[in-house]
Amino acid sequence: MDTLPKLKPFTSPWQFLATGFGSGLSPKAPGTVGTLVAVPLYFALTQLPLWAYGLVVIFALGIGVIICQRASDELGVHDHPGIVWDEFVGLWIALFAAPDGLHWVLVGFLLFRFFDIVKPPPIGYFDKQVHGGTGIMIDDIIAGIAACCCLQLLAAKLRIEQRGTVGEKRHYFCGCYRV
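With the working numbering applied, the sequence shown corresponds to residues 171 to 349, in that order.
This list has only true hints and no planted wrong ones.
Keeping only pairs whose Cα atoms sit at most 25 Å apart, straight-line, the calculated PhoX-like set for lysine-lysine is:
{"no.": "1", "residue 1": "178", "residue 2": "198"}
{"no.": "2", "residue 1": "289", "residue 2": "198"}
{"no.": "3", "residue 1": "198", "residue 2": "298"}
{"no.": "4", "residue 1": "176", "residue 2": "198"}
{"no.": "5", "residue 1": "298", "residue 2": "176"}
Since the hints were made in silico from the structure, they are not lab data. Computed from a predicted model, the values in this text were never measured in an experiment.
Build out the structure end to end from the sequences listed, making use of the hints.
The following block contains the structure:
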């Protein structure tokens with residue numbers, strides 16, 4: 171028996187944004203579906219300089235606290251499964267400065283979903299202890315940071331392994347060639 175209140179994203183602007191433009195209405199795995207919907211928006215963000223990408227993510231994070239709080243207040247439920255704005259922001263954090271290539275987007279997506287679903291410490295702690303709009307956002311922010319760190323470490327490891335080619339001097343972290 172489902173006791174959660176029904177979302178009405180097309181009558182409330184807060185719920186429309188909080189549900190990721192309606193993607194959180196998916197009856198199965200709304201968080202994963204919401205994260206998938208964030209991927210095309212990520213590709214749009216990659217057209218910006220990295221500093222602007224970062225500013226957009228910070229803005230989305232700040233406004234997300236308000237969006238999630240308002241939607242949660244309207245529903246009378248803390249962190250309704252259909253609220254997926256936090257997944258949008260978490261994925262964008264996970265893919266911050268990600269190397270080019272669809273395979274890196276897939277790895278970042280999977281890492282983010284792993285950390286968001288499993289909630290290893292300290293993610294689970296903050297998920298339980300922080301309430302309101304900040305509480306809805308915080309576990310996804312930390313999951314995004316953890317996924318980003320893992321993705322960057324994996325990319326750096328692969329670049330270091332490829333560096334062994336004679337005459338090729340690649341920078342460890344950005345992958346660019348040294349002159």
